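Chemist: Using the sequences and the hints, build the whole thing.
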Amino acid sequence: MQISTVQPVFKLELNHKVTPSVVTIAKYDGTHPCLTAAAGYDKIIIHHPHGGVGTGRAQRSQAHGEVSELNLSQAIIALACGPLKPDTNRDMLLIGSPTQILAYDVHDNTDLFFKEAPDGVNVIIAGSFGKYTETLAIIGGNSSVQAIDWEGNEVFWNVISGKVCAIITFDFDKDGENELLIGSDDSFIRVLKNNQFIAEISETGPILCLSPVNEVRFAYGLANGTIGIYEEGIRLWRVKSKQNTLALQWSGDTLACCWSNGRVDWREGTTGRVLRRIQMRANAAAMLLADYRSVGAPDLVCVSDKGEVLGYPPYQEQAGFNSVSKNLSSEEDRQVITELFNKKQALMVELQHYEANANAASGHVSLDSIDRPATAMPTNTRLQMAIVHSEDEGCLQLAISTNNETIVRAALVLAEGIFENGETFARHPRPSQLRSLLHVPLRPPRDVPVDVHIKALIGYPDSEQFHIFELTKQLPRFSMYRLLSKEVRNRGNSYVTFRITERVQRICIWVNQNFLLEEELDIETEETKELHISLLCLRDQSYLYMDFGADGQVRFSTHDIRLAGDLIQSLAVYLNLSELQVILILFSSA
Amino acid sequence: MDYDLARIDYTVCGITYPDTLKIMSPFGQKVDQKFAIGDKNGVLQCLSIKDEEPVVQFKTLPGKPITSVQLATTVGQQADKIFTASGNEVKGYTRKGKVFLCIETALTETITSMCIMGNDLILCSGRTVTFYRDLREYNSYVCEDRVLDIAAFASTRIRLLVLVANKGAVLLENGKLIARTVISSGPSRLSVPPSTHVTDIVAFYGASDGSLGLIAYEELNLSSKCLVDGRDLGSVVCLGWYYNNGNFHLSVGRHDGSIQLYLIDMDNLGEKPRLKYTYFCGEPVTSVAGGCVSTEESELLVATFSGRIFALRASHLVSGVKVPQDILAARRAKLEGEVARLEKQTANEREKYQQHTRSLHAGLSTPPLLDVQHELLGAGSDGWQEVRMTSAVPLDMLFIYCNQKLQMQTDTAAVLTICSSKETGSDMLASVRCQAGTRRVWVKMRYTSDTSITSRLEGKRVLIYVLPAGAPRVARLLSLQLPALPYYSKHESEKDMGSYERTWSELQVSGSYSVAEITSWLTEALPGELPRPASEVSFVRLHTLLGTLLICEYQRGLATFKSDNISTIATLRNIVSNCSVEKNISVDITFDIPEDCCVKSFKNIENKFKIEYQKNKDLILKNAISMLDLDSSMSEEGPVLCQEYARVWDSKDNINENQFNDLVEMVVQWYLDWRTLSLHNDNYGNESTKLQAALKDCRLDDVLKILSNKSS
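One line per chain: the protein sequences are A and B, in this order. When we follow the UniProt record's numbering, the leftmost residue of the first sequence carries the number 1, and every step to the right adds one. When we follow the UniProt record's numbering, the leftmost residue of the second sequence carries the number 1, and every step to the right adds one.
Keep in mind that the hints were calculated from the coordinates and are not lab data. As the structure is a prediction and not an experimental result, all values here were calculated from the model. A hint or two may mislead.
[Unchecked claim] Computed beta-carbon distance windows for the label pairs:
#1 B/Arg231 x A/Asn261: 21 to 29 Å
#2 B/Gln643 x A/Asp42: 26 to 34 Å
#3 A/Asn261 x B/Gln614: 49 to 57 Å
[Unchecked claim] In silico PhoX-like pairs for lysine-lysine, Cα to Cα no more than 20 Å straight-line:
#4 A/Lys193 x A/Lys131
#5 B/Lys610 x B/Lys705
#6 B/Lys608 x B/Lys705
#7 B/Lys622 x B/Lys696
#8 A/Lys344 x B/Lys334
#9 B/Lys334 x A/Lys343
#10 A/Lys343 x B/Lys344
#11 B/Lys344 x B/Lys50
#12 B/Lys344 x A/Lys306
#13 A/Lys85 x A/Lys27
#14 B/Lys617 x B/Lys696
#15 A/Lys344 x B/Lys344
#16 B/Lys615 x B/Lys705
The beta carbon of each residue, even a glycine, is placed where N, CA and C say it ideally should be.
Modeler: Written out as C-alpha cells, the structure reads:
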C-alpha cells in the first residue's frame, strides 16, 4: 500500500530531541493541554502554546519560545499526568526516575510528593481502579505494581512475575469497576482485580503497549512487532511487522498504530486491515490523543524523536464514494476490473498447473528415475507427522515422513516463542542424508500451548521443483512432560497439595488435553476413584508426580514451583474454580 | 499539459518477453489503432479496443514462446505486417491474421530481436546478426558477446546499430563493422526516435543500471552520451514513444515496475530528457508503447512480465463521459462472470487433483515449472552480490541454503531470518518472508571474512527455494553459483588499460582441455556471463574495489591469465587445479610472479587506501561522538564541537559504509599469496601481522617496506 497523502491539521517543531515513549499531554491549568516530553537525559520540556507556565523551576527554552525546560538531576524514565489532587481538576505531572517518583504541580510550582521506588520505575499511569475512586499514580516496577495517592501514601501493592512494561485500567469483567491490565516482559497480559489475578493471556513476546478500545476491547503491541485486538479475552486479529510498535490509540473508529520507524497506520478495528498510512520524517517518539487544537474532539498527536509534532483528526472515510458522482463510480468500476484481472490471472495459473497434471497422467510418464521430469511426484504422496518425546536429547522430536519413496528435501517450522532466534527453524539435510523421514527437534522453553506450522518440501533428490506440504499442529500446554509407564518414586520432593471435589474421569480428560501422551489416558472402570501419574520433564530430567486421591486430595510433587503454579492454574481454569486453598511444601534441594 | 494519467486494464495474456507488444499504425481513414502482443505460450493476438473492451481481431494457436514481435517498416508504406520470432522460426501475418510467411532458419539459438525493412530481414540470435535478403542469407556478423538489441537505418545503404552485451554498441554495414563505442553502464535496449531524418543514425538506449543515454553516428564516429543517471532506478527493460499535445516523450519501462515518461526535445536530442511522469505497477514492465488505441487522444499501452495489458490514459479522458456507465458496468459484470466460471472450474480441477492424491494408483504429478526469472549480479565495490528474482505469481517466502556462512540482506518489503539449524555450524539457512503480493524480490549475499578463504578454492553453491503464496503449491529450486572472485564484475575494453603502470603476474595453464571446459571452470571464479566458447577467447575484467585488471586469453589446450592482483592469480590457480582434478584432466600450471608486484599494485591503490582510511577514522570518531549523548538542545547550530569534530558530525550518513577493512584484508592476502607463490616460503607469519598493523594505522612507508620485502 502506498503512503497516503493525507495532510496533518497542525504541525509544529519543538526544536528539541524527544526521548521515545517518555511523552505525555497534560492540562496543568485544567483546560489547556501542554505537550510534555523528556528531552535528553534529565531534561523535561513543556510546550505551552496557550500562554506561559508561571515562573518557578521551569525555564524558558532558548530554542523555542513556547517551550519551557525543567531540569532534574536524575534520568527520566517515565512521564505521566493526571488530576491527582482531589480538590482540583488540574493535571499533576508524574516523573519517574530509576528509583524515585516525583509528583509535581506545574501550575503552582510545588512538589506534591517525592517517593522512593525501591523496585524501580518502568511505567507510570494515572487512573483509578477497583474500589479506589480517586485518581492514583500507578507505577509498574521490575517485579511489582504499586499505587500511590496524592499525598504519597502507598495504597496498593502487588507482585508481578516479570518486568512491567505496560499498564492500563480497563473494566475487563464488565462489573463497572476498572481492573488493572498489566503487560510484562515475560509475555503475559494479566488482569489484576483487587489483589487477585483473574485472567492471564499468554502472548508470544514481551508486551510493549496496551490501549483500551471500547468497553470490551483492548489493543496490544509486542516487542516482536505483533499488534492485535482482544475482545472479551479472545483475540480478534493480529498482524506482524518488522518494526516495533511504539503506541496504539483508538481514534475515529480505527486503531492508529505508531511504529518506531515513524510510520503511522490507521487500521480497521475488526480486521486490522490498513486504511491509510503516513510516514513521519524521523523515527517516532510518541503518539497521543489530545484536543490540542481546542476543537472539542481529540486529535491524534504524533511526535517524532527530532521534535516534530503532527496532528491528525480522527479517521474519516471518504463518505459516499459511490453516490456522489457518476464519474467516480466508473473509476471504481475500473478498479474492480483491475482487481478481477488479478484474480483471473491467479486462477489461470492454478488451472494451468492442473491441466499439466492431467496431460502427464494421460501421457503415462514412468516412475523410473531415468526419464522422470524434474518436477514429478507420485500423486498419492502424503505427509505424515508425529511428535515423540526424545529423552536423550531432552526435546520433542517432530517426525515428518512421506508414504512413499519421495524424500523430504527441506522443512521449515514456524512457531512463536520456542526457538532461540526468531520464529523459524529449518532443516535442510545434506544430499547423502536425504530420507523420506525427517526429524525436527522442538524445545518449548515454557509451558504454554504452541501452534506449530510446518512447510515441508517433498520431491525426489534430483527434482527441480518440490511440492509444498503444509501442516499445523497444536502442542498441548504441558508437552515437555513424558508419561512414565512404571512407578519411579523418590518422594523427597517438594509438593503442593489441595482438595477438589471432582470425578477422576474429568481429571482424566484434563490430562489428555494438556499433556502430550502417546495413548490417551483411560480410566479402566467406573469405580476408579484415584489417579496417579508419573511424568518426566524433558528439560531438566526431573520428575513430576500427580496424585489425585479418592478423597479429593490432590498432590503435585515437583521441585519446580512455577510448574506447580501453572498446573494448578490450568486445572482450576478447566474445572472452573475461582478459589482454591493450596498448601505448598518446599524442600531445599541442597 | 498535465501528466495525470490513470490506469485502465484491458486484458491478460501469458508471460511476455521484452518488447513483444506493438501498436500498429492506423489503417485507412480510421484513427483507432490496433495492437499485437505475443506471449510465452506462443499466442499472437491482435486486438483493438472499443469502449475499453478488447476486441480480438485475430489470435493464433499456442506454440513455441514468442520472443520478438516486429512490424514491417517499409519506407512510404504503412506498417501493417506483423512478424513474430519464436525459437529459430519467423512468421509473418497480415493485419487480418493470415500467415503469409513462415521460415525456419538455420540459426541454432533463439532469435532475440529482429528488424524487417522491405525485403530485408535481420535476425539476432546469440552472438550472431544475420542479414537475409529475399529470404536468402546475405551476410552475417558474429559479435564478441550476446546481441541485446538492434536498430536498422536505411538510407542508401542499410546500417545496423547493434547493442552487444558487456561491450557497448557497434555499427554494421554489409556484414562489416564500421564503428564501435564502449558504454560501461550496460545498455540493454534501443529506441530510435520517431520522425528523425532518414540519414541520421541516432538512437536512445536504456541500460541495466537504470540510466538512459543517446548513441549517435556522426562524421564516421560512433559516440554515446549518458543523459539520465541510473541512481536507484531499476534496470531498463523496454523503451517506447508516447506522443501527446505536440510533444514527444520517451517512455521507459523498468524491471522494478516503474513506468516513466521523459519529455524529449526533438530538435536537440542531446538535451537532458525531463522526467514528467512516473507510475508504479509492481511488476517488471516488458513493453511500453504510445498510440491512439481507444480514443482520439494518445495513450500509453503497457505489458508486464506476467501478462497484464493496461493503458495509462489522461485522467480527464478517464473521468470524462466518453464511455457510458452501463457499458463499463456490463464489462465489469462480464468479467465477474468469467472469474466466477474460472473459480468453479478451478475448484473442480482442484477436487480432481485431490482425489488423485487419495487414490491408490500412483499417477505422476508433474506441475509445470513455476515461472521465476532470476539473475545474479556481480559485486559492486562493497562486495555484495545481488540475486534478483521475478515471478509470475505472488511469492510467500524464499528459503535459502548454503553450505557456508554468508552475510545476507534483502528487500525492505521482506523479512529475512537466519534460521537455526541443528546441523554442523558451517551451514547457513535463511528464510525470507515476503509481503502480500510480492512478485519481485532481491537478496544480497556477501562472503564473510572466514568464508572468503575457502571460497578461494571454489565457487559457492547457493540453493534458493521459491515458495509461491497461492496455488500451485510447489516450490521452485534455483541453484546459483557464487563466483570466487565476485569483484571482477566490470568489463573493460582491451584497448584502454594503460592509465596505470601495472606489473603483471601471469598464470599459464596448458593441457588437453577444450574451450568449453575452461569456460565452465571460469564460471566458478568470475561473475556474470562469460563469452561463449570460440576458437580463441580473450576478455578483460576490472576489480570493482581495487581497480585491478584480469586479462583472460584462452584457446583449446592453452590459457593465459594476467593480473596485477596476485591474489586473483592465486585463486584462479586453485580453481583451475581443483576443477581439472575433478574432471580428470591433467594440466600444467606455470606462473610468473614479478618481485615487485605487491609494491607496484599497492602504489596504484594508495590514494584509495588513504581515502578509505580517513573515512574509517571519521566513522569511528562519529560513532564515539554519537555515543556521548550530547546535550540535545537542538539549537540551529547543533552541538558545539571543535571544527574537526563538527566536520565529521555534519558529514551525515555517507561515511557509514566504507571498505577499509576489506582493503586491509586484501592487501594482507596479496602479501601472503606473494610469499607462497614466489616461494619466499620462509617464516612470514610475523611479517604479515606487522603488515596488518601497519595497514590499520596507515603507516604507508612501513607497508611498502614489508611489501617489497626489505624490512628484514
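Chemist: If a hint holds in the structure, say so; if it doesn't, say that too.
Modeler: Here's how the hints hold up against the structure:
1. B/Arg231 x A/Asn261: 21 to 29 Å: holds, 23 Å
2. B/Gln643 x A/Asp42: 26 to 34 Å: Hint holds: Cβ distance 29 Å, inside 26 to 34 Å.
3. A/Asn261 x B/Gln614: 49 to 57 Å: The hinted range 49 to 57 Å is violated for asparagine 261 of chain A and glutamine 614 of chain B, with Cβ atoms some 31 Å apart.
4. A/Lys193 x A/Lys131: Cα-Cα ~10 Å, so holds.
5. B/Lys610 x B/Lys705: Judged against 20 Å, a Cα distance of about 17 Å means the pair holds.
6. B/Lys608 x B/Lys705: holds, 19 Å
7. B/Lys622 x B/Lys696: Holds, at about 18 Å.
8. A/Lys344 x B/Lys334: holds, 12 Å
9. B/Lys334 x A/Lys343: holds, 14 Å
10. A/Lys343 x B/Lys344: OK: lysine 343 of chain A and lysine 344 of chain B at ~13 Å, within 20 Å.
11. B/Lys344 x B/Lys50: violated, 29 Å
12. B/Lys344 x A/Lys306: Not OK: lysine 344 of chain B and lysine 306 of chain A at ~55 Å, beyond 20 Å, violated.
13. A/Lys85 x A/Lys27: Distance ~13 Å between lysine 85 of chain A and lysine 27 of chain A Cα, so the pair holds.
14. B/Lys617 x B/Lys696: holds, 10 Å
15. A/Lys344 x B/Lys344: holds, 12 Å
16. B/Lys615 x B/Lys705: violated, 24 Å
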